[in-house]
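Please work from the sequences and hints to get the whole structure.
Protein chains in written order, with this note's numbering: chain A, 899 to 1239; chain B, 899 to 1239; chain C, 899 to 1239; chain D, 899 to 1239.
Some clues are possibly wrong.
All copies of an identical chain are treated as equivalent in the list; a pair is satisfied when it fits inside any one copy or across any two copies.
Unchecked claim - Calculated lysine-lysine pairs in the BS3-like style (CA-CA distance at most 27 Å, straight line):
(1) 1085 x 1194
(2) 913 x 1060
(3) 1031 x 1060
(4) 1031 x 1117
(5) 1006 x 1207
(6) 1207 x 1060
(7) 1169 x 913
(8) 1031 x 1207
(9) 1006 x 1085
(10) 1060 x 1117
(11) 913 x 1117
(12) 1224 x 913
(13) 1235 x 1085
No wet-lab data here; the hints were simulated from the structure.
Protein chains: 4
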Amino acid sequence: MYSFNNDYSEGAHPKILEAITRTNLVQNGGYGMDEHCNRAREIIRQEIGREDADVHFIVGGTQTNLITIGTALRPWQAVICVVQGHINVHETGAIEATGHKVLTMPGKDGKLTPDDIIQALDYHTDEHMVQPKMVYISNSTETGTQYTKAELESLHHLCREKELYLFLDGARLGSALTSPVNDLAMKDIAALTDVFYIGGTKAGALFGEALVISHPELKPDFRFMVKQRGALLAKGWLLGIQFEELFTDGLYYELASHSNDMAKILREGIKDCGYSFASPAFTNQLFPIFPEAVIKTLQKDFVFSIQEKGEERSVIRLVTSWATSKEECGHFLSVLKTCSI
Amino acid sequence: MYSFNNDYSEGAHPKILEAITRTNLVQNGGYGMDEHCNRAREIIRQEIGREDADVHFIVGGTQTNLITIGTALRPWQAVICVVQGHINVHETGAIEATGHKVLTMPGKDGKLTPDDIIQALDYHTDEHMVQPKMVYISNSTETGTQYTKAELESLHHLCREKELYLFLDGARLGSALTSPVNDLAMKDIAALTDVFYIGGTKAGALFGEALVISHPELKPDFRFMVKQRGALLAKGWLLGIQFEELFTDGLYYELASHSNDMAKILREGIKDCGYSFASPAFTNQLFPIFPEAVIKTLQKDFVFSIQEKGEERSVIRLVTSWATSKEECGHFLSVLKTCSI
Amino acid sequence: MYSFNNDYSEGAHPKILEAITRTNLVQNGGYGMDEHCNRAREIIRQEIGREDADVHFIVGGTQTNLITIGTALRPWQAVICVVQGHINVHETGAIEATGHKVLTMPGKDGKLTPDDIIQALDYHTDEHMVQPKMVYISNSTETGTQYTKAELESLHHLCREKELYLFLDGARLGSALTSPVNDLAMKDIAALTDVFYIGGTKAGALFGEALVISHPELKPDFRFMVKQRGALLAKGWLLGIQFEELFTDGLYYELASHSNDMAKILREGIKDCGYSFASPAFTNQLFPIFPEAVIKTLQKDFVFSIQEKGEERSVIRLVTSWATSKEECGHFLSVLKTCSI
Amino acid sequence: MYSFNNDYSEGAHPKILEAITRTNLVQNGGYGMDEHCNRAREIIRQEIGREDADVHFIVGGTQTNLITIGTALRPWQAVICVVQGHINVHETGAIEATGHKVLTMPGKDGKLTPDDIIQALDYHTDEHMVQPKMVYISNSTETGTQYTKAELESLHHLCREKELYLFLDGARLGSALTSPVNDLAMKDIAALTDVFYIGGTKAGALFGEALVISHPELKPDFRFMVKQRGALLAKGWLLGIQFEELFTDGLYYELASHSNDMAKILREGIKDCGYSFASPAFTNQLFPIFPEAVIKTLQKDFVFSIQEKGEERSVIRLVTSWATSKEECGHFLSVLKTCSI
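Below is the structure:
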């Protein structure tokens, strides 16, 4: 059984493990106040072209989201996202557990539009309703799509005008930025958002997300919140080391690019077999629509999730990663061909 | 300017003020542990036909909702309601501020259906998502509609089967139970829900809601939660006195019935003028659709809210109360007739 | 049985009930946006000598405390108070339920000292600990004592220097300001704090506290928080009317003065019988120390609470109010004399 | 500069890193539902002698504490601990951020006593105060002391009688259980508590705590809470692998024992130099009292924290670990001797 279930089924890229092993017995200060974290912060600041940004390393994505949103909002404020947003569906109410409402809007192709935001603002008019103050987007999105530069710019300008914070969840940012249809650079991400994170967990690290805060209002005392929510890793240098490796010689982009290449093999092979997709995705997540019989056959050899259960056909989700091999993609397609005849 | 803006624009029915004045200098124990509250509890238990129920008096509806839901749910659990639900829209995120997600479903005519609940349960399958545990409905609803006995029974049975608590917000319960199309009795409400409240604020009291808890799991230590959320009124007997009066000689039903009668006059007069309604409502809230010019004219003499702004026509909301007079309804209709020619 | 158990055992001063009755059928806008509230706000602003202050009317003290503190603090911040502080002991963890730690210090005679604050600040040095940001005091205090002008000034200056908000809980402010040993004026309270409230519940109103916000950082969007916590009274003008009455012709001070006069009768009578007090209190709360036998006898005719249970002697708490009569004080002393022989 | 600042200044024991490296490219299911975690759970159940226990792996201690306490308590309930308790002082109000009050008691030698608990229960009598429901202790404690079997048994019996949950924070459990003055076995810990955790972070793992839940009321839906608080590690098998290694061939005890041996060298050497200690500690934390001049000299070569700053003498904290070498202890003592002449 080979798993296309997600992009975090294996450990870390060997360079990362080697770096952790190499430095294992060197003493470091705790909680991210060490030279590895400092160096990783410096590298990331250069990468994103913002010397003024604060960089925090946090173990996981849900933590990062709840800490960021919980810090940004006053008690009566809310965050806007698309209905499929990770914070809305897949984090067990983590945002609500910080006391804040998640305001969901329909979006388009899994992406939030300026119209969504305007509609949310128009609806929330007085103190009997929550006050929208932050916009949450993911790039790539939950449906594998990605924002264009023009789209991100229009969200940026609207948020600036309406005094909303723009937060980009980059759990799969690498895959978005190395996708064949991408026109955004890492520096654009930093320039067009108020806070975003570069995901490590789904990009070849053992774990870890690098949160980048540009907006001055979101910076003060941030480490207090990280600690309070149990997210200040004691051996914090483990996070620093991983981001040092990811952002040395472009490893981060190389791994993301590989995951996109593997997805491309699957996408084209599936299309060649005559199947269509539920989402126009060019990143490392694919959402093909298969008949039940085909799904049953594929399930004998592969692990993947059913995204949307139908009567005769269902949407499945296939995820490739830095560790996915060409051989396994080929194997998948050969099984698909067999059962598609 | 006469206001049809809501059903809490005047003070209290004179009998209530008289009772408060009459007992003003008698000493009472604090925090609802007094003989007025005890007597009111006893009267309500008889009224609803449940000697086993716990009755708590709370000043306002938002407090009552957040305390009840916050007590019923474990941290990762959520409450299901229709998208127009008061807790979803008009309480500034009070439920989320207790840490819980409000799961919204489309409903039908402002009412939650068994299908809504089943769909919500089917979607929430594992620990990456919140766990639905309570169903919140209002009777009458936010759009002035009301549940039939058959509808409430089917919700009751489904909730029992799925181990969900059924909570009925009765801010306008009197108007629902005295509506011409009603087939539910107060005893049915108590028998078919796990917890509900009888609204006083919108039914002729100065303030106050009587929360009735039938489900044994929701009873223990409830007063701790009431106190913690700042809702244990020091001079609690003020609440007891008001419910004593409301449930003596059927005053509660009489006042609610009056509000429905006044709404009927408006409804029929508006229909006679050829206008239609956005909601099939037979309680004290009406949602007529008027052209902009008509609305402008009405606004010169009357206060009311715009429910849904349109280009040429808008939906407005008219609310009658225990204090609304036949004369003012007549005045409204005569103005309407004038501008409808 | 006559109760000296608290200062909220009777309803309201007759003038207040008359005003509520007089205006009962006049329509008003909801939620405190009415002319009574506006007039009461204006009167209070004049009374305190601050035209720039925001005034909010809230039903009860615990609500007022949790809303004020919950608004003032960021998630990782804490409030400092004396160990007997009402928010620390008698509000069922209401502050913690908003997510904030209450940092307790020993104080002196129930009052917080500058040294307490400095010690708390010195101890909390980094992001592994909460960040003190507000100081909470009560005047009069939980032990019936009161701040001098010099004491309040020194707290004020220290808070300003350390960028801490100073919040004064004035549930019994009237009694403090009319006490024979008082040297503070209402205007001093407003000038020396960032936010404080004038208690109505314990001062002759049916209910209600007038929160006065002077610090500009605490003002924005405050009504959102009031609504979210269920404290925006639908018929808000009931609060406005009560404060209009209290601050017309000095009724507020007159009632508080009366409660102090009654306490003085008790205090001197008790002293004459040879008993001492656990607290140097000159307000409407007394804490005499009585032998068990005396307490048993008094309990036959009077209700009061045991503050501190001892083996042979206990401290009891006697509270007088605007409604306490000279006759009942005399009755208490005559019983005391009898059993003290 | 050598650091005695804490027991998490180095990475992990080599066996752990080797196991992670060896399995790096093997695919695993996410979120702790993998064979490594299952095997580690089985090993731990055997180790503690409770086949019925639930075992959860969580990245860090603050997370583990807040999730456990937040799950155990209803909104109005509180947890009792000694004033030095980690949850009270060093977690930035993480428990309060879940809505719960931490009730602090003086304790003795850093340990909570039955008298502390009884006093806390006696004080909290009604719904105006929080309701104590859990007792939190650490073994070893924050001052390096440890519970005897008799002490833990008496806490256990009292908690059972009073229906309080007993929670033991075992961040440094290994050091306690291998201390020369210890008379508790791992099985006793499991038998005498309702929930406890075995710390990995301070015991030679890269990170990770194994939470063991015995009390049936604390088990249901626990993973929902872990996920909601952002503590369900995506690559959860990393935690399983580490505990597999720690509890194979007694590595956990061996490493803890080493840390105690190193502490013993320091303790005896310091005593030989004529210094005394602020705490009677026989685990891997020492609290010697040194004159300022000695501290200044030691700080040239060693990193450690000042526990309690005095005028002429201060208490410092020295922590040894699985990675501390005999050489560095010797070096410390030789410097100490030099400056103590």
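Evaluation of the provided hints:
1. 1085 x 1194: Classified as neither; 44 Å inside a copy, 47 Å across copies.
2. 913 x 1060: neither (44 Å within a copy, 48 Å between copies)
3. 1031 x 1060: within (9 Å within a copy, 29 Å between copies)
4. 1031 x 1117: both (16 Å within a copy, 17 Å between copies)
5. 1006 x 1207: both (21 Å within a copy, 24 Å between copies)
6. 1207 x 1060: between (39 Å within a copy, 22 Å between copies)
7. 1169 x 913: neither (35 Å within a copy, 47 Å between copies)
8. 1031 x 1207: Between copies only: 24 Å across chains, 35 Å inside a chain, cut-off 27 Å.
9. 1006 x 1085: within (25 Å within a copy, 48 Å between copies)
10. 1060 x 1117: Close inside one copy (20 Å) and across copies (20 Å); limit 27 Å.
11. 913 x 1117: Close neither inside one copy (32 Å) nor across copies (39 Å); limit 27 Å.
12. 1224 x 913: The answer is within: 21 Å in one copy meets 27 Å, while 32 Å across copies does not.
13. 1235 x 1085: For residue 1235 and residue 1085, the Cα distance exceeds 27 Å both inside one copy (42 Å) and across copies (56 Å).
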